[in-house]
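Top line first, the protein sequences correspond to chains A and B.
Just so it is clear: in the first sequence, position 149 is 222 by our numbering, and no numbers are missing.
Just so it is clear: in the second sequence, position 158 is 168 by our numbering, and no numbers are missing.
Calculated from the structure, these hints are not laboratory results.
Keep in mind that a hint or two might mislead.
Here are the simulated DSS-like pairs of lysine-lysine, each with C-alpha atoms no more than 27 Å apart in a straight line [claimed, not checked]:
1. K180(B) x K165(B)
2. K29(B) x K77(A)
3. K131(B) x K175(B)
4. K69(B) x K180(B)
5. K77(A) x K14(B)
6. K165(B) x K131(B)
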Amino acid sequence: MEIKVQRHTDLDSLLKAAASIEGRIFYLAGGTDLMVQAHAGVLPPATWLEISDVPQLHGISVEGSELRIGAGVTHHEIMRSQLVQTWAPALAQASANVGGPQIRSRGTIGGNLANASPVADTVPALYSLGAQLHLISQRGERTVAVEEFALAPRRNVLEPGEIIYSINFPCRPGIKGVWNSMAQRESLAISKVNIGVSYVLDPELEEGVGFNYLQVAFGAVGPTVLRARQVEEYLRAEPLSAQRLERACQLAQSEVSPISDVRSQADYRRAMAGVLLYDALSPLL
Amino acid sequence: MAEKNFRLQCTVNGHPIDKMVDPTARLLDTLREELHLTGCKEGCGQGECGACTIFMDGKPVDSCLVMTIQAQGHRLVTIEGMAFEGRLDTIQQMFVEEASVQCGFCIPGMVVAARALLEEKEDPTLEEVRYALGGNICRCTGYHKIFRAVLRAAKIERQLRLEGKPSQLKDLPGVHPAPSADRL
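Next up, chain B with everything else stripped away, as it sits in the complex:
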């Protein structure tokens, strides 16, 4: 076990982090073992499967390929930052409604990668969804229901924007209980 001799300062899910950690550990391990954010999963550990996908400065990255020291000063968002207290991200809600989940192991990474797409493109085609999820592997579902959920989430958010409402279901007043502030 390497020494926790590095003072990591960054933000995770909007909260400032200031913690002594092993700078050489994979960011995936630091998130899971030190910050107890176990939503990101280790699938392959080689950047092939996308189960460990998180946002780093707004871009989807495989956290197994980032060394912890590289997170210094950067902005991280994990799946835990996308929903709390039952208030789901639109994409998560559509995964539920479309039954896009079987074993569930790949889903946090799928949701992050899909959110990255919808942040760039509000009206993606099926082809664009496939391209955006090209870095995520699912061994259960066969992908069709996942693609359908992402396309539906995009449609719902487009509609909300047209109506001049917050673009996410979870931000609509009265739809969900208030978030708890003390969660990472």
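Excised from the complex, chain A in its bound form:
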């Protein structure tokens, strides 16, 4: 397969090239998916734009009351970031479990999103945090909620010439989070089902555990990552109890819509979605 490649080290030149190239474009950052597919010879002819050294796509910072993560930030940088550990603990755990060390050194959060895989490990964490994606092209910038981004497996809302610029979410004081997955082995395994939970406990509550904020999302149990809205509403309504958590796990099992494939079976995935929710929240009981 013939590949044409251009290396860009500046956002303006990248967006200009992206706007003017005719035909298909692949944006090469971490390469952890694209390079495998290229070597297997399954990709159509395209112009490749190498973007891993575009400085505007890097950096983790707090801007106002938002945490901003550049789309080109690697999983290794995310898992080690004090800011992410503080403001997005579910994401820090997710990134620490992507692939193995070599994959985390290269793979980026923008790539994990743009791939629009329903199994992408960081995405349930981003759903739970209510992330907003800043997209950019030569025509300008726009913002979409992370839940609006993936349309179906391998399909997203990016328009020609448009890339993910950054991932932003509000810094919520007291935020806690859990990310977990079921997979064949601990490293380098694609999840059978994964979960991201972020919450802020209600400090006013005198007895028991209540939530001021709670968002739950599952991956690999639908065509895109999905929010478990019934579970959230149910758990937010009243203080947590063993009984209510068990009921929430049943709700989770009915809310997901998994399929059977090479990695697992629908029934097992459904059952494990409940188990993952139980494991995530039972330490609060």
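Assemble the complex: chain A is given as a structure, and chain B must be docked to it using the hints.
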């Protein structure tokens, strides 16, 4: 065969490289075929096995997943940069002493990944060693002797540091012959 129409400028094992190469080749192939650094191996070619692990800017990466053009301006270290002329990295020495090698194909990647761990953490637990080597697959050894070698290397380097000595066995005066400067 794609054209060698790209001028690659980077450093490999501390030496500046300035060479016309195919920018679309995998870095693994450029290292092996153009620079003749055959220590990194191709196992799976999919980022699953870690046999092609090298350091890029101090971090372990699978060189089969890096396009050559992405190395422009970056700092690469391969297994060849970790020892020369019989002066082994502490980790390599412990692999020898613990008999951690059977067929040997995975070992360059294992050593690089283990070195990446010890650069970050001087007192790793067994669990941390397993996590750090999670991206490397070995089909012979069953891993136990590999883990043991890494833990022992960490212990030796800790001890050397406590004694105020260079932290690597190979840097102790008189232990090994001097390195030859002309090796990559």
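Between K131(B) and K175(B), is the straight-line Cα distance small enough, at 27 Å or below? holds (18 Å)
If you draw a straight line from the CA of K69(B) to the CA of K180(B), is it 27 Å or shorter? holds (22 Å)
Within a Cα-Cα threshold of 27 Å, do K180(B) and K165(B) meet the stated pairing? Within the cut-off at roughly 15 Å; holds.
Compare the distance between the alpha carbons of K77(A) and K14(B) with 27 Å, and conclude whether the hinted pair is satisfied. With a Cα-Cα distance of about 12 Å, the restraint between K77(A) and K14(B) holds, given a limit of 27 Å.
Can you confirm whether the C-alpha distance between K29(B) and K77(A) stays at or below 27 Å? With Cα atoms ~19 Å apart, K29(B) and K77(A) stay inside 27 Å; holds.
Restraint check for K165(B) with K131(B), where alpha carbons must lie at most 27 Å apart: holds (11 Å)
This entry satisfies every hint, going by the numbered hints stated previously.
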